[in-house]
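Protein chains in written order, with the numbering used here: chain A, 1 to 467; chain B, 1 to 467.
Calculated from the structure, these hints are not laboratory results.
As the structure is a computational prediction, the values presented were derived from the model and not from experiment.
Any given hint could turn out to be false.
Since the list gives no way to pick out one identical chain from another, each pair is judged satisfied if it fits inside one copy or across any two copies.
As the list claims (entries may be wrong) - Below are the EDC-like pairs computed for lysine to aspartate or glutamate, each with C-alpha atoms no more than 16 Å apart in a straight line:
| id | residue 1 | residue 2 |
| --- | --- | --- |
| 1 | Lys182 | Asp291 |
| 2 | Lys396 | Glu176 |
| 3 | Lys182 | Glu444 |
| 4 | Lys221 | Glu53 |
| 5 | Lys221 | Glu176 |
| 6 | Lys182 | Glu319 |
| 7 | Lys396 | Glu319 |
| 8 | Lys440 | Asp413 |
| 9 | Lys182 | Asp419 |
| 10 | Lys344 | Asp413 |
| 11 | Lys440 | Asp192 |
| 12 | Lys440 | Glu319 |
| 13 | Lys266 | Asp419 |
2 protein chains.
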Amino acid sequence: MQNISPEAASEIAAALGPGGVLARDDWGPFLEEWRGRWRGAPSLIAAPASTGEAARLVRLCAARGVAMTPIGGNTGLAGGQMATNGEVLISMHRMNRVRLVDAAGMTMIAEAGVTLAAARDAAEAAGRLFPLSIGSEGSCQIGGVVSTNAGGVNVLRYGNCRDLVLGLEVVLPSGEVWNGLKRLRKDNTGYDLKQLFIGGEGTLGLVAAAALKLFPRPRDKAAAFVSVASPAAAVRLLARAQAASGGGVTSFELMSDAIVSLTLAKIAGTRRPVAQSPWHVLIEFSSGEEDALRPLVERLLADAAEAGEIIDAAIAQNEAQSANFWRIRHSMAEAMRGEGRQAKHDVSVPVADAPAFLDAADAAVARIAPGARVMAFGHLGDGNIHYDILKPEGAKDDALAPVLSAIETAVHDEIARFDGSISAEHGVGLARRDEIARRKAPIEIDMMRRIKAALDPQGIMNPGKML
Amino acid sequence: MQNISPEAASEIAAALGPGGVLARDDWGPFLEEWRGRWRGAPSLIAAPASTGEAARLVRLCAARGVAMTPIGGNTGLAGGQMATNGEVLISMHRMNRVRLVDAAGMTMIAEAGVTLAAARDAAEAAGRLFPLSIGSEGSCQIGGVVSTNAGGVNVLRYGNCRDLVLGLEVVLPSGEVWNGLKRLRKDNTGYDLKQLFIGGEGTLGLVAAAALKLFPRPRDKAAAFVSVASPAAAVRLLARAQAASGGGVTSFELMSDAIVSLTLAKIAGTRRPVAQSPWHVLIEFSSGEEDALRPLVERLLADAAEAGEIIDAAIAQNEAQSANFWRIRHSMAEAMRGEGRQAKHDVSVPVADAPAFLDAADAAVARIAPGARVMAFGHLGDGNIHYDILKPEGAKDDALAPVLSAIETAVHDEIARFDGSISAEHGVGLARRDEIARRKAPIEIDMMRRIKAALDPQGIMNPGKML
């Protein structure tokens, strides 16, 4: 555990001005990872109110070789935001200005501490869409969303966070500020430096602000809840839906019957929209044209039924029905709470390989933990499956404890076989650091280390995370 | 000028096998930049037939500290592909296999030497679209397209080359091979290393193969040639078209009357599709639905006319008319040939700032070179303007020679004022190296140098280019 001297602490307080350093009484929300997996132990919590203050803070830390950890809304799932080792924790919540919304140019500039919901609201107020949407959007902040390259339910249509960032303002580990806040769609004047900070988990610098892409707001939306016999049928339906709508598929969420049935049983007020079947898909379409989608979706589903790709389907007749479809999907994490120790995986494979991966992983899990219940669901359109294993029905809460590690290894072995990713959207942080060190090719870890050493030679930006 | 020893040359020849080292008689096409701006002087030209051969070649060069320059179709516009200083020139043309087309998963893997046209054909044969489209697509190769982050006419809808790359196989400057050929839509397991090689102009490694995104082929297309009073009116029309089509605008090309009229005068068989006006726009839409676009485009243009945004418009009634529209746009570079020494710029600004930039740049050019003819055209949808200055009508071919540098400085000064890019799609290479060193913030050049030193410590991969 690192500690900073009282002199350094008071110098930081002076550099930041009132409110710049948090009193111990206010530390609570910053110490606990929200699921209780890690506990932070910072030596100081600073909250700069501007990029200038953030730069002064980092410069002071750099001069003393003091390590820093940036934190946004503390909603990360990999522990990257935790100051577990006496780092100076830098909370970005006071840097919460939307600096610009350019409706005509379809861009906005938001500071790191703007919540994702506030960024979406600012775009909407200007008649535009900022499409990134994840469960934690009320609390998570732009800086964290950028630093973890957040995904979510609209990736199929609009891409990951990486695809939505045009430019960044970054406080480098030296305390120097890189103004890379360009709002250009094209710029080929050297290495695309911002890409290193996107998904960089705060290990190369402190993201202070981001220039983001906006889109026209869709004028029509349509959602359908569909029964299919297998993941393979779902992949065929995806291809059909993409072709028929010309890329108008916004979300394509696969859900096994096990997780749908568990959710319906656990979450009050939900009801099954279609006939029970081994697998379900929630599809959402969007279009720039009013009233364009209804006939398209009806024709698509009729064609799919005729081709034997689907068993049953319900098209949402109104907002309330669509909300019910999404409530089922969004309640799955909640439905699994109280099911004891679980093996959770956030994996991806090439979309067409998802069915074969699921078969292979299911077989491996059945071998290791007979009777364990596989809950598979997620963004099939991106090849991203949340593959969670629950204890056998009626077993004790810690029934899986002895085999958790064997299950994880087996599932990730299958991912390796399909050249997939063991962290599709949640990142590395503390949770997957050792695992990626084992699984990535040494040459790749070596390149990552070289880049880290090149941009953070003192190793003071979020040390111990990712690498 | 560097030279390699006869021993090294024969070792390379042995490592590559028959055809791996080009005889002097076959060097011709590799020595001359296609517009004659630079001339190469390699010490040897190698053409590996596989990634394994390429790795052996690079390892041999690395062991001796011999510099290398990769070359694809030799269509680059910035000189990055020229071995101007005795480098070993590595031509990728023998690595021309399409390794995989996964129609269901919407991906393909192509080796560096596959021409862009061949890659597009392979996708089309599988019922899919690889959307990257640039003038040189018959000759340019995937490796070069990736290394220069090529843009083109479909960026508005599908993004730059960067947005189309899922993974890369790269021979690193040490000769080690990084297999980053993932075909995943989501992977958050560390720094996104491929981004450094995309647009890296061969300065960090040799791109050997790329995993690329495919898309459904559009089932309907529509093109319109429109007269507008000003670039500002064109920007409003763009916003209207994007909103009405829900992102269905594939191309949005702005053209001044000066360049349209010059093209019509110079290129046989072209004719003006609409009433003459100060500015024109060529818009192309695409859709996944058959027969969806015609009514949409008609309504859009009627609404735009009513709002006073457009003066006249012609919708292509068939493929031939659409081809005539595009022929005008694609013949502009040819039309300017034979107009003597020119000041050419490939710049971008935030889309909404394009009108103000054009006003300011026109005023600056008029001050420096009264009577010079401004030819402004390009991908307004991306904020990317090709801004070319021709000598005054009737003046001598070298009339602009004394002021070329002053014009470039003035145009790029205006770009700096709008926080734009002085090389939107063509890259840096030799052409803009000194200019970016002057114009970029020192901190940015410093970061680029650190990354270069981290991944190519000997400085042997395409030295003297970009940095």
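Determine which of the earlier numbered hints do not hold for this structure and return their numbers in increasing order. Violated: hints 1, 2, 4, 5, 6, 7, 12, 13.
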